[in-house]
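> Read off the chains here:
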Amino acid sequence: MAVETLLPSASPVRFVAEDGTRADRHGGYAEPTETRLKETYRLMVLGRRFDVQATALTKQGRLAVYPSSAGQEACQVAAALALQDNDWLFPTYRDSVALVARGLKPGEVLTLLRGDAHCGYNPTETRVAPQCTPLATQTLHAAGLAHAMQRRGEDAVALALIGDGATSEGDFHEALNFAAVFKAPVVFFVQNNRYAISVPFEKQSAAPALAYKGIGYGMRSEQVDGNDAVAVLAVLDDAVKHAREGKGPVLVEAHTYRIDAHTNADDATRYRDADEVAKWREADPVKRLETYLKDRNSLSEHEIELCHAEAEEFAQSVRDTLNAESELDPMSLFDHVYAEPTRQLQRQRAMVAAELEV
Amino acid sequence: MTTTMAQALNAALRDALKDDDRVLVFGEDVGALGGVFRVTDGITADFGEDRCFDTPLAESGIVGFAVGMAMGGFRPVVEMQFDAFAYPAFEQITSHVAKLRNRTRGALSLPMVIRIPYAGGIGGVEHHCDSSEVYYTHTPGLRVVTPGTAQDAYDLLRDAIDSPDPVVFLEPKARYWSGEEVGFTRSGPAMDKAVVRKTGKDVTLIAYGPMVATAMETAEAAKDEGWDVEVVDLRSLSPFDDETVTASVRRTGRAVVVHEAAGFGGYGAEVVARVTEQCFHQLHAPVLRVTGLDIPYPAPKLERHTLPDVDRILDTIARLQWADTPVVAGA
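Line by line, the protein sequences give chains G and A.
Counting from 1, one number per residue, gives the positions in the first sequence under full-length UniProt numbering.
Counting from 1, one number per residue, gives the positions in the second sequence under full-length UniProt numbering.
Check each hint, because a few of them may be wrong.
Stated by the list, open to error - Part of the chain G face toward chain A, derived, beta carbon under 10 angstroms: (1) 121; (2) 122; (3) 129; (4) 168; (5) 170.
Claimed, not checked - Dumping the calculated DMTMM-like pairs for lysine to aspartate or glutamate here, alpha-carbon to alpha-carbon at most 25 angstroms: (6) G/279 to G/267; (7) G/279 to G/85; (8) G/247 to A/54; (9) G/183 to A/21; (10) A/301 to A/243; (11) G/183 to A/303; (12) A/198 to A/50; (13) G/105 to G/39; (14) G/247 to A/50; (15) A/193 to G/335; (16) A/193 to G/34; (17) A/193 to A/180; (18) G/183 to G/154; (19) G/279 to G/34; (20) G/183 to A/225; (21) G/183 to A/180; (22) G/279 to G/18; (23) A/301 to A/315; (24) G/38 to G/267; (25) G/183 to G/267; (26) G/247 to G/85; (27) G/105 to G/310; (28) G/105 to G/303; (29) G/59 to G/19; (30) G/183 to A/29; (31) A/18 to G/154; (32) G/294 to G/34; (33) G/247 to A/49; (34) G/294 to G/313.
Rather than coming from a laboratory, the hints here were simulated on the basis of the structure.
All residues carry an ideal CB built from backbone N, CA and C; glycine is no exception.
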């Protein structure tokens with residue numbers, strides 16, 4: 001395989017400049033249809049509002065923790081929209097907005113972060129794996145599941161979301177290698193948001209771009225402006241198509257930025273200055289797509305208002321869901337540890353039941 | 001005709017592959033080579049590369065890939081080649097294999113088997129002789145089994161592959177080449193159940209995996225001391241079969257737990273605690289342990305000093321206060 005066919009574009013693929021005007025670094029990628037771009041915009045507005053609401057709920061103690069993905073909406077929404085219903089998404093703890101875009105309900109998405117259960121939805125029904133907290137471990141699951149689907153003749157693809165820090169983990173490299181060797185239909189989508197908690201990208205990797213990491217594994221790779229929703233969707237559409245056609249896995253790196261801190265427990269002012277954050281706020285993906293679509297007369301003020309109204313309504317539903325006290329059954333602690341509870345678990349179950357006098 | 005444990009495992013894999021299309025065997029060197037211990041000998045040739053295949057050399061990769069394959073409806077049986085080589089896969093095993101059923105509240109399960117050749121006694125160099133059972137038994141969600149005989153190797157592996165739960169299958173390397181008569185029809189469910197390997201009335205030796213044979217030799221040698229030794233082979237380390245073990249100890253009134261792994265914080269401590277809690281009034285003496293030394297597994301020329309042997313076990317049996325408390329048969 002010629003290295004040239006694996007190489008990413010020399011600079012990140014971009015359809016839309018920071019000021020919303022048309023850019024021309026899009027190589028051979030096809031621009032998504034206006035309908036899809038408008039849907040992308042709608043979900044980005046919804047996702048941004050969800051993110052703000054979830055962050056607020058953390059401060060009110062309704063969520064144990066919430067890792068914001070503000071500023072990464074282009075990546076979050078495009079990851080969901082690039083997939084069909086029978087494809088699998090493998091998200092991490094930071095990818096709640098991608099789950100919202102995939103159509104999951106707020107209560108399902110936030111179950112993990114609320115502290116009610118480790119996963120709030122049925123993965124087989126939603127085709128969304130549990131949000132993964134250990135770094136990069138889910139990339140192997142995505143590769144394995146993609147291989148399984150291919151063997152079964154299923155016309156389905158797996159997409160694994162990864163942060164920049166996770167690309168330093170061994171499992172990331174093992175997953176790329178396994179996927180490439182087995183030609184598994186999987187897309188590894190790295191959201192390089194510049195910081196692994198407090199460690200900047202420069203201390204994470206000496207690679208000119210994380211996209212280059214695919215080449216060593218014999219994998220087609222690409223880099224994209226992660227704040228340009230048109231570009232991210234175009235590149236992911238193409239990557240998913242490539243995988244679906246049996247041409248092997250793809251690594252995509254999106255260059256983006258985490259506007260907020262890692263979580264509410266993090267103090268981002270300790271490791272990055274305000275100027276840097278301000279600069280990236282200017283690169284806001286939601287505003288950029290809005291300007292682009294408006295300038296092309298694809299999006300009216302009225303439609304924008306409708307999107308924001310829908311987002312407000314959605315935020316209300318998030319509040320309603322989270323403000324309702326959840327009822328948790330302590331006896332469920334003993335469920336689903338094994339297919340059938342062991343004698344040891346039965347005894348412990350009886351002990352807790354006696355304590356609770358149930 | 002005698003069959004070795006390695007051959008019995010090979011037969012179990014073949015029968016499982018025959019019976020269930022979802023079963024797949026993979027790992028490093030399991031294909032053309034047939035595994036470094038030849039447990040998968042000839043399987044790729046007979047079943048094709050689709051069913052038994054080599055992977056890149058990466059243990060976390062093998063287990064993590066198997067997680068995805070199991071999510072996708074297959075029943076992977078993966079090989080870790082050697083005990084200490086499985087440590088890179090530890091995160092996958094403990095964070096994902098053990099927990100996926102619980103995390104998804106039963107929506108997803110991982111019926112998979114992780115085969116790990118373990119323990120010493122084969123003159124292997126470092127990192128080839130660890131007894132790593134406690135790392136796995138301490139993890140809820142995993143089943144951990146280890147055969148002590150060739151027949152059990154066959155039965156347990158068939159059961160493990162059929163199990164709806166993930167199973168860490170520990171194969172005692174030192175017993176791979178031991179032969180016995182094996183009937184390749186399943187002799188009944190072996191999972192979850194300890195078995196009384198030999199009956200006796202004076203003391204119960206509790207052993208598993210590579211130490212079952214040593215315990216049996218000890219029982220034979222103990223006759224010269226006038227002790228009638230019962231041997232319990234645990235087979236299933238998690239879950240633990242309290243019933244079989246406590247019934248035996250209540251009959252004999254004395255017990256010694258034997259394993260190769262280091263004693264401190266070891267599996268024997270769990271067994272002693274359980275036996276003491278449940279058999280206190282029937283015990284004539286404290287329950288003792290004979291274990292490996294609390295040292296990194298030693299170099300081959302010194303391993304005989306850490307491995308429990310017949311003499312060390314007999315010495316321990318001798319400490320069970322025989323003089324103070326005469327043994328009453330059947331007490």
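> So which of those numbered hints doesn't the model satisfy?
The structure breaks hints 4, 7, 10, 11, 12, 16, 19, 20, 21, 24, 25 and 29; every other hint is satisfied.
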